[in-house]
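*Asks:* Sequence:
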Amino acid sequence: MKKFTSRVNIRYGYYPFVTSLIFFALLVVSRRLLTIRYARRRFSLVKRYNTRNFFFKFFYELKVLHLSIYLLIPLVISFVVYPVNVPLRKIPGKIYYKRLGRLSYVLASLNLLITLRSNILLKVSKFNYTDMIPLHKWLSRFIFITMFVHSLVYMVVWHIDDIVVKKMFKNKYNLVGFIIFVIFCVLFPLSIRFLRRKYYKLFYMMHHLTLIAFIFLTPYHARPSVLVPYFYFDIAILAIIVIQKLFYSRVKTIIKKVDIPGSNLKLIKLPKFTIFGLNNTNFAPASHLRISPYHILNPLFWMLPTHPFSIASLPGDDTIDLIVKENSNGKIPMMKSLKLKENKRFTITKHFESAVPVSCLNNCENLLIIVGGSGIGYGLPIYRYFQDQNMKMENGDGNRKIKNIRLYWVISNHNDLKVLKYVESLKDYEAEIKRDFHIYITRESPKQVIEYRDSAEVIELEEIHVTGKSDSSVDDCKHEVLEDCKHEVLEDCKNEVLEDCKNEVLEDQVSVENDGLFDISNDTFASVNYNRRPNWNSDFKYLDEFDEFDDVEQIRDNTWILGCGPNGLIKDIKLLANRKNVNYSIESFEF
0 MKKFTSRVNI RYGYYPFVTS LIFFALLVVS RRLLTIRYAR RRFSLVKRYN
50 TRNFFFKFFY ELKVLHLSIY LLIPLVISFV VYPVNVPLRK IPGKIYYKRL
100 GRLSYVLASL NLLITLRSNI LLKVSKFNYT DMIPLHKWLS RFIFITMFVH
150 SLVYMVVWHI DDIVVKKMFK NKYNLVGFII FVIFCVLFPL SIRFLRRKYY
200 KLFYMMHHLT LIAFIFLTPY HARPSVLVPY FYFDIAILAI IVIQKLFYSR
250 VKTIIKKVDI PGSNLKLIKL PKFTIFGLNN TNFAPASHLR ISPYHILNPL
300 FWMLPTHPFS IASLPGDDTI DLIVKENSNG KIPMMKSLKL KENKRFTITK
350 HFESAVPVSC LNNCENLLII VGGSGIGYGL PIYRYFQDQN MKMENGDGNR
400 KIKNIRLYWV ISNHNDLKVL KYVESLKDYE AEIKRDFHIY ITRESPKQVI
450 EYRDSAEVIE LEEIHVTGKS DSSVDDCKHE VLEDCKHEVL EDCKNEVLED
500 CKNEVLEDQV SVENDGLFDI SNDTFASVNY NRRPNWNSDF KYLDEFDEFD
550 DVEQIRDNTW ILGCGPNGLI KDIKLLANRK NVNYSIESFE F
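Just so you know, we're using numbering that gives the first Met the number 0 here: the sequence shown kicks off at 0 and counts up by one.
If you're looking for bench data, these hints aren't it; they were derived computationally from the structure.
Keep in mind that the hints are not guaranteed to be accurate.
[As the list claims (entries may be wrong)] Restraint-style ranges between C-beta atoms, simulated for each label pair: (1) Lys197 with Pro260: 54 to 62 Å; (2) Gly261 with Arg578: 31 to 39 Å; (3) Ile191 with Ile242: 31 to 39 Å; (4) Lys330 with Leu574: 32 to 40 Å; (5) Ser327 with Pro223: 25 to 33 Å; (6) Ile254 with Ile21: 29 to 37 Å; (7) Ile254 with Ser327: 22 to 30 Å; (8) Met302 with Lys391: 18 to 26 Å; (9) Asp258 with Val155: 53 to 61 Å; (10) Arg578 with Val17: 55 to 63 Å.
[Stated by the list, open to error] In silico SDA-like links for lysine to any residue, alpha-carbon gap of 25 Å or less: (11) Lys136 with Ser411; (12) Lys324 with Ile236; (13) Lys349 with Leu111.
The C-beta atom is built at its ideal place from N, Cα and C for all residues, glycine as well.
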């Protein structure tokens, strides 16, 4: 019977392995075909597809629920009824115990494959390197479940037979399997979203340790062997990952960091050649790069996460610009080890392709860009790219005109606006920004009211007006008031502190006016909306005007909404796009 179960499961293992490769091929081919053939179609409209195209549509969109159906149904069927030349009711249960373990290891090959960030593979498949993350998460969970049930069933059977110690601890092969089980059980709670985000560095390190243990220890534990072809296939994928990291990573120095008073947003400037090499300076708008504080020869570079950043500049700019959000301690959220400093050396991994679809870059005629917080680093280069297309058209160098380009930026702190002062390239788009750039400040209004922590009194912060230039709130001074007046009578103290602060703001404003940077005021933008988020009905009502045209379908086909921000904003953008029946592409801060 032992030889029978081993022989059957060896043959069975090839089935999910081949199924996984076919599944991955379908992902690549469907995205490639639909990108070419249906570049100008909206994938939200199922009725516009026949059965064959409907099938490919699910692969293109990478909806986890749909993909689970395509992948899991053949896997489950083969798991249960794979031919063993005996009636199904007479198949020994031990076959399935073993089969679960083999299935989990076989699917690890597909899991590695979909996380491969090879630039060649991404260009061929038309995927962005972040597209596969949802599928990777759910596939990892399925692998954990199969591995967990495999281990648990054996432990229960051994306990019933009262041979746990003999089978689990005195058998070196089973002991290795138990170690793998324990490592997975440690990783599982850390993978829960709340804990993953809170202890991301620990999760990431444990994730890599679990991967290494699973890939390298399972061949020792498994009987019959899983060396051929699964282990060698996994080793090949891991080698590619290591080689491309070595090839694309360089240790370079940040040349400038601009701190924005009162804001967590910072502007980081990098020399172009440090990222792309002297002969390779072209990249799509909203491409990414990754930064690590560790040298590539440091083991922590491989075991701890690198942080992805959207490139906030265009290839024609003098530097590579990043707009990043830092905590009060100067560190990047979820990246406790990453604190970007001027003149400090970091390991920078070469750019990854933009998530903006090629069909949008080539065919878009109406564009809405909606971003939140540091997502402005995603939105600005896209906005500038399309404005440049219109400028080329006006100068007779372009071949198409984008009719509508609108940029919406949602922030919670009005001081975040100041980061735009230091994006010198915006001076070339002043007229366009005044017409198309809308600001939403969610938590503040021009007249701030703050509560003194040790008193029931309320300080009303008045506004400061700078003649001929910008209006700014004295909200920058609220912390000074609370700190300086905490041991004094509030009424006697606050006026003096506020007056000193007003003078400082005025001096700062004068220096900004004379430094040649991009000027910021309420009049700079198309609109500045205080104390509210976008109204998804009234603020975008002009999209309904398309219905008045005879070629409404063609107009909607060439209308795109691009978004970047937290999950709440992303969900609203998706709802807006589906309600208005237009294309969309999004990037989320959260995962």
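*Asks:* Could you check the structure against the hints above and give me the numbers of any it violates, in ascending order?
*Replies:* Going through the list in order, the structure violates hints 1, 5, 6, 8, 10, 11 and 12 and respects the others.
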